[in-house]
Amino acid sequence: MKTIERIKMLISENAKSERDFAMKIGVNQVTLNNYTANKRKLSLEIIEAILNAFPEISAEWLLRGTGSMMLNKTSDSIKANDFDEAWYKKVIDDQHDTISLLKEKVKFLEKQIEEKRNVNYG
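Residues 1 to 122 (my numbering) are what the sequence shown spells out, left to right.
A hint or two may mislead.
What the hints assert, rightly or not - Here are the computed lysine-lysine pairs in the DSBU-like style, where the Cα-Cα straight-line distance is at most 35 Å:
| id | residue 1 | residue 2 |
| --- | --- | --- |
| 1 | K24 | K8 |
| 2 | K24 | K39 |
| 3 | K24 | K41 |
| 4 | K103 | K41 |
| 5 | K116 | K90 |
To be verified - Label-pair ranges, simulated between beta-carbon atoms:
| id | residue 1 | residue 2 | range |
| --- | --- | --- | --- |
| 6 | E115 | D94 | 24 to 34 Å |
| 7 | K89 | N120 | 38 to 48 Å |
| 8 | S12 | S100 | 44 to 54 Å |
| 9 | S100 | E48 | 21 to 31 Å |
| 10 | T3 | K116 | 49 to 59 Å |
| 11 | L44 | E5 | 13 to 23 Å |
| 12 | W87 | N33 | 39 to 49 Å |
Because the hints were derived from the structure by calculation, they are not lab data. Note that CB positions come from ideal geometry on N, CA and C, so glycine has one too.
Start from the sequences, fold in the hints, and give me the full structure.
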């Protein structure tokens, strides 16, 4: 089962309608309809909005389809926190890599500028 199918299941079990669900998670109904109709790819923001509006829902179940829909207050929440921490660490590592590459590019471009100045004024 895909993530969007699990979201549709959440809608049917936790809201009167898609409009009601959209209001609960703080998005426009048209936006939610675009997600459920596969006209728009799910974003991290929509997943976070769902998990914030329904804290009893397991992030592991919603994202990966493993475990039960409802959080077991101890083990599932620990797993969800581990997933969140691992994801954030990966994002931070990726950002560090990007920063390093950009620093190298800046140094290279500064060197090119300096060389052109020396040619023009030298």
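Here's how the hints hold up against the structure:
1. This hinted pair checks out: K24 and K8 have alpha carbons roughly 14 Å apart, not beyond 35 Å.
2. The hinted pair formed by K24 and K39 meets the criterion: a straight-line CA distance of about 21 Å does not exceed 35 Å.
3. Between K24 and K41 the CA atoms are separated by roughly 20 Å; this keeps the pair inside 35 Å, and the hint holds.
4. Restraint check for K103 and K41: the C-alpha separation of about 32 Å stays at or below 35 Å, so the hint holds.
5. Between the alpha carbons of K116 and K90 the distance comes to roughly 39 Å, so the proposed pair goes past 35 Å and is violated.
6. One distance hint, 24 to 34 Å for the beta-carbon pair E115 and D94, holds here, with the actual separation near 32 Å.
7. The given range of 38 to 48 Å is respected by K89 and N120, whose C-beta atoms sit roughly 47 Å from each other.
8. Between S12 and S100 the C-beta distance comes to about 47 Å, which sits within the given range of 44 to 54 Å.
9. The supplied range of 21 to 31 Å is met by S100 and E48, whose beta-carbon atoms lie about 28 Å from each other.
10. For the hinted restraint 49 to 59 Å between T3 and K116, the CB-CB distance of approximately 51 Å keeps it satisfied.
11. Take L44 and E5: their Cβ atoms lie about 19 Å apart, and the range 13 to 23 Å holds.
12. A C-beta distance of roughly 28 Å is found between W87 and N33, which places it outside the suggested range of 39 to 49 Å.
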